[in-house]
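Protein chains in written order, with this note's numbering: chain P, 1 to 157; chain Z, 1001 to 1501.
The hints are simulated quantities; they were obtained by calculation from the structure and are not laboratory data.
Careful: at least some of the hints might be erroneous.
[Said to hold, decoys possible] With beta-carbon atoms standing in for the labels, derived distance ranges:
(1) P:PRO64 x Z:GLY1022: 50 to 58 Å
(2) P:PRO64 x Z:PHE1192: 50 to 58 Å
(3) P:LEU10 x Z:PRO1386: 52 to 60 Å
(4) P:LEU45 x Z:LYS1455: 42 to 50 Å
(5) P:THR65 x Z:VAL1479: 50 to 58 Å
(6) P:GLY74 x Z:MET1198: 48 to 56 Å
(7) Z:LYS1377 x P:VAL69: 17 to 25 Å
(8) Z:LEU1366 x P:TRP21: 54 to 62 Å
By construction, the Cβ of each residue, glycine as well, lies at the ideal position given by its N, Cα and C atoms.
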Amino acid sequence: MRFNDTVLGLVLAALGGVVVWQAGGFPSRPGMIFGPALFPTIIGLGLVGCGLLLVARKLLAGDPTPWWVVPDWGRSLYHVAGIPVVIGLILFYLYLSRPLGFVPTMFLVLLAGMLWFRARLLPAVATAAGGAVGIFVGFSLLLRVPLPVGPLERLLW
Amino acid sequence: MMEILGAFALILEPYVLAVILGAGCLGILIGSIPGLTATMGAALLVPITFFMDPVPAIAAIVTLSAVAVVAGDIPGALLRMPGTPASAAYTLDAHTLVRQGRAELALGTSIVCASLGGLLGSVVLVLAAPTLARFALNFSDFEYFWLTCLGLTCAAFVSPGSTVKGAASLFIGLLIATVGLDVTSGFPRFTFGTTDLMGGVPLIPAMIGMFAIAEVFRHAVALAPVPHLEQQAVGGLFSGLGKALRPYRWNILRGGLIGTLIGALPGAGADIAAWVAYAVSRRFSRTPERFGTGHVEGICDAGAANNGSLSGAWVPALVFGIPGDTITAIAIGVLILKGMQPGPAVFINSPTLLYAVFISFFVANLLIVPLGWAAVKAAKHVVRVPRSLLMPLILGFCIVGAFAITNSLLGVQVMLALGLLGYLMEENGLPVAPAILGIVLGGVLEQNFMTSMLKAQGDLLAFFDRPVAAALGTVTLLVWASPLLLRGYRALAAGQGRKAE
């Protein structure tokens, strides 16, 4: 989804406003103008400035771009669902890697991703299994990264 | 002298050489596959380099980026799909040459010019960096504050698209850098009440998100299937090349130097270097009309420029800790993780390490020739790697990489959040490079600013007391004012023009 510069400018200005407002609540030491709030306030004001400039430029130019443009992929349900699916795969890992253990979780994430991207079943299963085990061996056993260990890993090692 | 010998010993260790070779092979893969960029490759490499000593870690990043940019020329020539954005400038020329049956000339020129451009950039790096570092040793917080300002401003100004959007992207990056305990009082800012974010947003997961996850998102909504490579037997790449390139030897020199200079500008990387060098080449060519019709001249200039820029970007990165492009931004992130803040002190305290890094540039740029040859030979197979299997593997690798840096799920959460942010920003015309520089430099900028303010007791004029600081400060303010000044000048000129009529 592509938004025009008015929407983009308003979002940036609103973000800047929230930052300035939040920074106003930061404690300041008496007699000092520069505390934890100074830098975020400058940044917030900068965002507000950029946002308003974008809006102003759009208005002055009289540019008739619509509020938003739905790109070509917006017409295909498969592609629209693509981004939520990728987010879902990452969330799946975030929530289930600890109870399930690394290898099964990663295998499922890889397999689901490959099938979603329309890989054939057999190569997908093989690559996903190889990938999950390979990453586990590389990172957990060789590089000593504390990847979550579940029942399956305990059985194997 | 002892330092230089020591540096050779560091590089020639079998382990380091193996790392360099491995990184080069990975570079072939990343570069040859359209959609995977050199920066993404560097971000994916970080979780592994994290466990290495500084020299092999940096050598791996240098080699991977140099080889990936060259390998990116191959699908550019064979498929008319640049493997990395750095090859886009001359893809049309290279592809036309291939269609004319002169694939050897196109690819041979790319590889040789890239190697020469990269070597040239490395020479400039070796000569310029120590001199600048000696100069920079006298810098105080005031000079560093202005220098960082200037670097960040440059990133916003050189980014493609409008300056306002570049600036907005920069502020977003700086905002992300303020998350965590504040430098002066230790007050937690924008941590959303969690203790996880008190140490700030971890750099590397942020970059893995913005460069690699964002690419997975783009793949998820990409419509066009990857075209199949026509069977294209590529013969002897380098036979007769010397004679063909001889008329263009000054082009290669010019392209390499332009690339090195543009690389040294913060925020401008290999892609911008190639476009500028290509435009300069066309402007000064005796046969500008042949550009875009399978002419080698532009490939010489731009091919040398994009690899030169990779070396040039390391000049400000090593001397001032200000990355010249997104790849050095990642490299600085790695060095900071290892407890090494790049800066002039490194030149005094660990010269051996520095010389070893310099040598690795020459090794990497010499390796371009054999690895480039291998990449051409392997192209048929690499281009055919199914994206449906590759993208989920990249996703998995990103998850593990982000996790490995923080040893907690925080890294994965940050990666997801910034991946989405990076994707949305690019979709809406906000360039990502200024934001990355903001994230990397935000903390340093605030710290220099606060220390300077404390020293000056809040007196802003103190920022102009020292001569170098005054000069840097004036330049920075002038650059900030330049859009207004330019607009005023144009309005005046237009007014004059109307009066004259």
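Here is what the structure says about each hint:
{"no.": "1", "hint": "P:PRO64 x Z:GLY1022: 50 to 58 Å", "result": "holds, 54 Å"}
{"no.": "2", "hint": "P:PRO64 x Z:PHE1192: 50 to 58 Å", "result": "violated, 40 Å"}
{"no.": "3", "hint": "P:LEU10 x Z:PRO1386: 52 to 60 Å", "result": "violated, 42 Å"}
{"no.": "4", "hint": "P:LEU45 x Z:LYS1455: 42 to 50 Å", "result": "violated, 24 Å"}
{"no.": "5", "hint": "P:THR65 x Z:VAL1479: 50 to 58 Å", "result": "violated, 30 Å"}
{"no.": "6", "hint": "P:GLY74 x Z:MET1198: 48 to 56 Å", "result": "violated, 40 Å"}
{"no.": "7", "hint": "Z:LYS1377 x P:VAL69: 17 to 25 Å", "result": "violated, 43 Å"}
{"no.": "8", "hint": "Z:LEU1366 x P:TRP21: 54 to 62 Å", "result": "holds, 56 Å"}
In summary, the numbered hints that this structure violates are 2, 3, 4, 5, 6, 7.
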